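Chemist: Which chain is which? The protein sequence lines are A and B, in order.
Under the numbering used here, read the first sequence as residues 1 to 442, first letter to last.
Under the numbering used here, read the second sequence as residues 1 to 246, first letter to last.
No wet-lab data here; the hints were simulated from the structure.
Certain hints may be false.
[What the hints assert, rightly or not] Here chain B is said to cover these stretches of chain A; the calculated rule only asks that three of the stretch's residues, wherever they fall, bring their Cβ under 8 Å from a Cβ of chain B:
| hint | segment |
| --- | --- |
| 1 | 12-26 |
| 2 | 60-69 |
[What the hints assert, rightly or not] A short list of chain B residues far from chain A (calculated; beta carbon distances all over 12 Å):
| hint | residue |
| --- | --- |
| 3 | Arg-10 |
| 4 | Gly-11 |
| 5 | Asp-65 |
| 6 | Gly-80 |
| 7 | Leu-108 |
| 8 | Glu-121 |
| 9 | Ala-157 |
| 10 | Phe-170 |
| 11 | Gly-188 |
| 12 | Gly-224 |
| 13 | Ser-235 |
What you are looking at is a predicted structure, and each value in this text was computed from that prediction instead of being measured.
C-beta atoms are modelled at their ideal positions from N, C-alpha and C, and glycine is treated no differently.
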Amino acid sequence: MAFLGNTVRGWGGTQAAGREIRSEDLPAITRGASLTRGLGRSYGDSSLPAPDVSSIPGSALANRILSFDAGAGVLRAEAGLTIGEIQRLFLPRKWSFPVLPGTQFVTLGGAVAADIHGKNHHVDGTIGSHVRALTLRTADDSVVESSREENEDIFRATLGGMGLTGHVLEVEVALKRIPSPWIWAESERVPNLDEFIRSLAEAARDWPYTVGWMDALAQGGDLGRGILMRGRWAEPAEAPVHPPRPKPRVTVPFRLPGWTLNSFSMRAFNALYFRRHPNRTKRGIVHPESFFHPLDAVRHWNRVYGRRGFTQHQCVLPETESPGATRRYLEALARGRLGSFLCVIKDCGPEGEGLLSFPRPGISIAVDLPMRSRTQEIIDELNERVLAEGGRIYLAKDALSRREHFQAMEGRLDAFRIIRKRWDPAGRLKSAQSVRLLGDPV
Amino acid sequence: MRVVALGATRGMGRSLTRLMAERGDRLFLLGRDPEELAKAARDLEIRAGNDLQIGSAHCDLEDPDGFTGALDRAAATLGGLDGVIVTAGIFATQEALEQDPAAARRLLEVDFVRTVEFCEEARRRLLTGGGGTLCVFSSVAGERGRKPVVLYGAAKAGLTRYLEGLDHKFRGQGLVTVCVKPGFVRTGMTAGLSAPPFAGEPDAVARQVLSAIDRGTPVIYVPGAWRWIMLMIRSLPRAVMRRVGF
Ligand SMILES: Cc1cc2nc3c(=O)[nH]c(=O)nc-3n(C[C@H](O)[C@H](O)[C@H](O)COP(=O)(O)OP(=O)(O)OC[C@H]3O[C@@H](n4cnc5c(N)ncnc54)[C@H](O)[C@@H]3O)c2cc1C
Ligand SMILES: NC(=O)c1ccc[n+]([C@@H]2O[C@H](COP(=O)([O-])OP(=O)(O)OC[C@H]3O[C@@H](n4cnc5c(N)ncnc54)[C@H](OP(=O)(O)O)[C@@H]3O)[C@@H](O)[C@H]2O)c1
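Please model the complete structure; the sequences and the hints are all you need to start from.
Modeler: See the structure below:
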């Protein structure tokens, strides 16, 4: 078993005292444990141990493929296998992981626990709808199989349950048949928010993958300007004959000084990114990594935020029930004047089966925010907004939300609590996040 | 390449055999736990995706009587051997070994005596078949007598010298010996140790080792920076070594 130092960190830099223990033998290290983590790509404290817990099992070395049905594309693997590894191995065989997040360095366990969504949420839903079965170590230390047929309650609660219902040991998931491992992508400038929401809806009708990058610092008539991207798997006739090779990566070697990212450099970056895109539609064949995981080209890019780190606020706003919700949210963000490097907009499809899954119909907005003294206040304001609009936040990105806000947004919490109580009456499973947001005792 | 691997169920051996399976090498696995061996073989078969089956057989470094039979089965299944890879080994902290003479003896036996016995068996077979590659994982711990690894380091020092001797004596006859000296690699083995700078990841290390196997490099430090770190540590005077903690 390997210990990796005395602090455990989320992707944004939120940290907790504790040691991560990795072993190939996930069943052994999860025995008696309160939470398992994957690769720590959740931004805040989802993957951090509760304050009274000093060690946390890490699944990264438990990464064997257990079976693959080459006819149906059903893969069974240990929870530490990453999406990137699955893509590397199976794209050349014309199978893709069905839901691809913005980074490929995500484990199967982390994907299930956050019930991740991707650019195809409007057609394919969250990863949960492609998961066939889960092998779990539950709070009483037994190992149980769960699926839609067997122990269905804990299966549903584990999708999006942020590790609080049991340790995922194995995942069985159906991959997606693809015509070629390359992507046909198109992108175009969008002048403002209304146009963005309209063009996302329009693209959703014909395209399996859609997403938008937005200049969160543009204001007035430019509010919500950005670039819309849409894509589909390329047909064999359009695609190169060879499979895509893994892209080379550069690394940010250490944490940069905090001042490198200030509102000026962020505004300049955003404006540049927008202007660099030609005025016409760009289209063509692209590498799947560039399309799905552009940020992975820079390893440890989180270090550009310096020692204080950053957080993300991702919420989904029911634009149909509450027209103008997204505009009001962006205006609240602009009032915060903290600046944001990255703002991603996506329309979500129907809610999935996961009891605490994030997506629901509406517009999802994700903004990265540097950690400053005012960040808490801004998150509070944004959450007031989300609450007023009837939206909700994504736990995998959250570090600072207040318990009152989260609980008021989350109508499904009681149902989740009942199942948790059934499987974990002594309350052994918890995380730093569940102590903060659910009030789990320490 | 037709390769038999002892210690592929975990760690660097797992990473290395994955690379080899993916590029189409034919593998046979040896180890002490049949269920783990079967899972490792299945994982490799699926990754390779070429419908080749990967066999395995029981072989425990603590049971030298089984070496011949295990290598026989491997050679029979693969129809000959081009390479033998030994990543099997155990580690324990110096404190633990000082307090438990039985554990100390076990470590010295497994990491030195039995590993050498296994390599002797492998050497004979490879030479009879006209040559091949013997790649064995020793350690930087064998480079210098150091406080945290007195016993483990002694076993690895012995192993390193043995491998050096093999290389000098038999390379001319076609036996290529590759001695791998890992520095600190984040595997399950590095228990209780906080990672120093230049710690490596098993997958990256495996890529370096594979290219050393392909080129027949007699000694390789992984990650590469450890070559320079050890150069420095080897040149420190005894008086300094006596004082420092590493
Ligand atoms: C650049 C970037 C882009 C991203 N883009 C997206 C996106 O497009 N869509 C999206 O949905 N998410 C996205 N994410 C978030 C990411 O997908 C989730 O946070 C995911 O959970 C991270 O997986 P992980 O393996 O790193 O898990 P960790 O971050 O280590 O853990 C996340 C949660 O999963 C739980 N968990 C992990 N493994 C297990 C297990 N074996 N058993 C039980 N619980 C477990 C942990 O307890 C924790 O609650 C992005 C993150 C980054 C850094
Ligand atoms: N990790 C490091 O930092 C480091 C540094 C220097 C040197 N090394 C050396 O590099 C080699 C590989 O290390 P690692 O970190 O990859 O180790 P690891 O992850 O602990 O894997 C060790 C492997 O050896 C096998 N093994 C242990 N005892 C055995 C026995 N009695 N019989 C047969 N097989 C046995 C294990 O099989 P089971 O699955 O049955 O347990 C496992 O496959 C070792 O020789 C180690 O000493 C490692």
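Chemist: It remains to establish, for every hint, whether it holds in the given structure.
Modeler: Checked hints:
1. 12-26: It holds, with 4 qualifying residues against the three required.
2. 60-69: Held - the segment 60-69 of chain A has 6 residues with a Cβ nearer than 8 Å to chain B, which meets the minimum of three.
3. Arg-10: The claim is violated: Arg-10/B sits with its nearest Cβ about 5 Å from chain A, within 12 Å.
4. Gly-11: Violated: least Cβ distance 8 Å, not greater than 12 Å.
5. Asp-65: At roughly 28 Å from the nearest Cβ of chain A, Asp-65/B sits farther out than 12 Å, so the non-interface label holds.
6. Gly-80: holds, 28 Å
7. Leu-108: holds, 22 Å
8. Glu-121: holds, 27 Å
9. Ala-157: holds, 24 Å
10. Phe-170: holds, 34 Å
11. Gly-188: With a cut-off of 12 Å, Gly-188/B comes too close to chain A, as the shortest Cβ separation is near 5 Å.
12. Gly-224: Non-interface label stands for Gly-224/B: nearest chain A Cβ at 16 Å, farther than 12 Å.
13. Ser-235: holds, 28 Å
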